[in-house]
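Peer 1: These are the residues of each chain, in order.
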Amino acid sequence: MREFFKASWLVLASSIGFGLLLAFTYATWQPRILMNQRLAIERGVREILPEASEIRADTLSLSGSEGQPEELVVYHGLGPEGAPVGHAYIAAGTGFQDRIQLLVGLDRNLSRYRGIVVLSAAETPGFGDALRDSTIFRGQFIGAPADTSLVVVKGPDSDRAKTGDREIISITGATITSESATGIVNRRTKQVRPLLMQRLRTEGAGGGGTRDAHPDTSASNAAFTGAGKEGR
Amino acid sequence: MSTVSRSMPGRGADAGFVQTAGTGEGRFAEPAAASAPEVAADPVPAAVSAIAGQSEAFGLLIRGLWAENPVFRGLLGMCPTLAVTAAVQPALTMGLSVVFVLICSNLMVSLMRNALTPHLRILMFTLTIAIFVTIADLFLRAYVPDMSAVLGPYVPLIIVNCIIIARAEACASKKGLFASALDGLGSGLGFTIAVILLATIREILADGSWFGVRVLPSWWVPWTAMKLPVGAFFTLGFMLATIIWWNSRKRARAAASA
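Top line first, the protein sequences correspond to chains A and B.
For the first sequence, the numbering used here assigns the number 1 to the initial residue and increments by one for each residue that follows.
For the second sequence, the numbering used here assigns the number 233 to the initial residue and increments by one for each residue that follows.
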């Protein structure tokens, strides 16, 4: 035993010391990190649903891949009268280089898309990063039908890109990124839309069923649903 | 197979970084056995010795900036050098993160240097580096979330950046706190200078801008390839060739004048 401690006291002492340092750092900065994530989502929801005066979060229970239950946060944009103006939810999947995370918006009737916002993507600089930087590709989702799968087509140039139809013209030089993003939107909407329709029929968007959505962000949901935009 | 020996700060010429030509594999040579007793036998008075020590520490700082720049002279830390230099802002953020991790890990390794045993050396270096990299990553996510998103996995990958473990091995595990801190600062700033130079060339040619501010006229056709990995390799190769050419020219002139 003495030999063991003689040989390993430095590792044991360092592990305890470093562990405490890391725990202190994590505890100090974690609220700020969670607030940054929440603000990024809030900015995205407000970009998709600019007319919403209040945003409320709700959870949907989905059956994820491999049959595992999955809790999904759905953000309901409410007008001044409290009536829903649209809904948004996070969709994620694999892109060309890295994971793509999108915020997808639907209109109040769940019939058409209100648009998409990129929360995180690290696609090829100069090509796939147009997913985040260019509004032409993302603009095609505005008004596109949500009751059918969107399809990616290759176009000669972006002039053909128009809103309101189910065709999404791919980003030049980034077909895989375009197909990945569109597939992510299609898959998530196919999961979410029927459940959301059912939920809205029974409870009404943002009504009695609305509750704190995410355990980690529940502390800051008050600001999310608050009236003021200032300071954000 | 021939070897190329480069002396590194904190080590004598007989204990430098030995790189095998052709393969590029390197190792640190064992320190000279006689180096430790030399200090005890030093007859120089304490005050003069302290001044000499400070001068040596500042020498470590200066050498890390250019003469023994980890990127241009040591060819260390190539992964972040190539990956995060598409624009100046992420390159600067990465450089400053490396400076923080280098100084902190050098200080910590220097503190524990007398307790380090050979079989625990690399384990303790890695543990120490991992802690400070995690702190740097958390800081970026808390205070610079946009830049943290741009850098992605490359900040956590500082853990395996060979500049940091090289400085821990070559200097911090043998020198005092002051010298180790200055060595970390010098090598970190040397890395930062290198990535900023690389990013400056790439961002100007790829976007016509520097630090996000337009510097080239609107008729400039962006060189998209400079944003891609090929642009990183091309620019680094061009810069290394220029430095090698400059140094050989300097050596030739010195030889001619002698």
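One thing to keep in mind: the hints can contain errors.
[Unchecked claim] When the alpha-carbon atoms are kept at most 25 Å apart in a straight line, the in silico SDA-like pairs for lysine to any residue are as follows:
no.	chain 1	residue 1	chain 2	residue 2
1	A	Lys6	B	Val382
2	A	Lys6	B	Leu339
3	B	Lys406	A	Ser61
4	A	Lys190	A	Ser8
[What the hints assert, rightly or not] Derived Cβ-Cβ restraints for the label pairs, each shown as a range:
no.	chain 1	residue 1	chain 2	residue 2	range
5	A	Met1	B	His351	14 to 20 Å
6	A	Asp147	B	Ser441	41 to 47 Å
7	A	Asp147	B	Val392	55 to 61 Å
8	A	Val151	B	Ser441	32 to 38 Å
9	B	His351	A	Leu62	18 to 24 Å
10	A	Leu20	B	Ala347	17 to 23 Å
Bear in mind the hints are in silico, worked out from the structure with no lab data behind them.
Quantities reported herein were computed from a predicted structural model and do not represent experimental measurements.
Ideal Cβ positions, reconstructed from N, Cα and C, are used throughout, including at glycine.
Peer 1: All hints, please: hold or fail.
Peer 2: Hint-by-hint comparison with the structure:
A hinted pair counts as satisfied when its Cα atoms are at most 25 Å apart, and Lys6/A with Val382/B does not qualify at roughly 45 Å. Distance restraint check for Lys6/A and Leu339/B: the Cα-Cα separation of roughly 23 Å lies within the 25 Å cut-off, and the hinted pair is therefore satisfied. Between Lys406/B and Ser61/A the alpha-carbon distance is near 58 Å, which puts this suggested pair outside the 25 Å criterion. Of the pairs offered as hints, the one joining Lys190/A and Ser8/A is violated, with about 55 Å between alpha carbons and a cut-off of 25 Å exceeded.
One distance hint, 14 to 20 Å for the beta-carbon pair Met1/A and His351/B, holds here, with the actual separation near 19 Å. Checked against the hint of 41 to 47 Å, the pair Asp147/A and Ser441/B passes, with Cβ atoms roughly 43 Å apart. For the pair Asp147/A and Val392/B, the supplied restraint of 55 to 61 Å is violated, since their beta-carbon distance comes to about 48 Å. At roughly 36 Å, the beta-carbon separation of Val151/A and Ser441/B lies within the given 32 to 38 Å, and the hint holds.
Between His351/B and Leu62/A the Cβ separation comes to about 50 Å, which falls outside the hinted range of 18 to 24 Å. A beta carbon spacing of about 19 Å between Leu20/A and Ala347/B agrees with the range 17 to 23 Å that was offered as a hint.
Hint compliance for this structure: hints 1, 3, 4, 7 and 9 are not met, and every other hint is.
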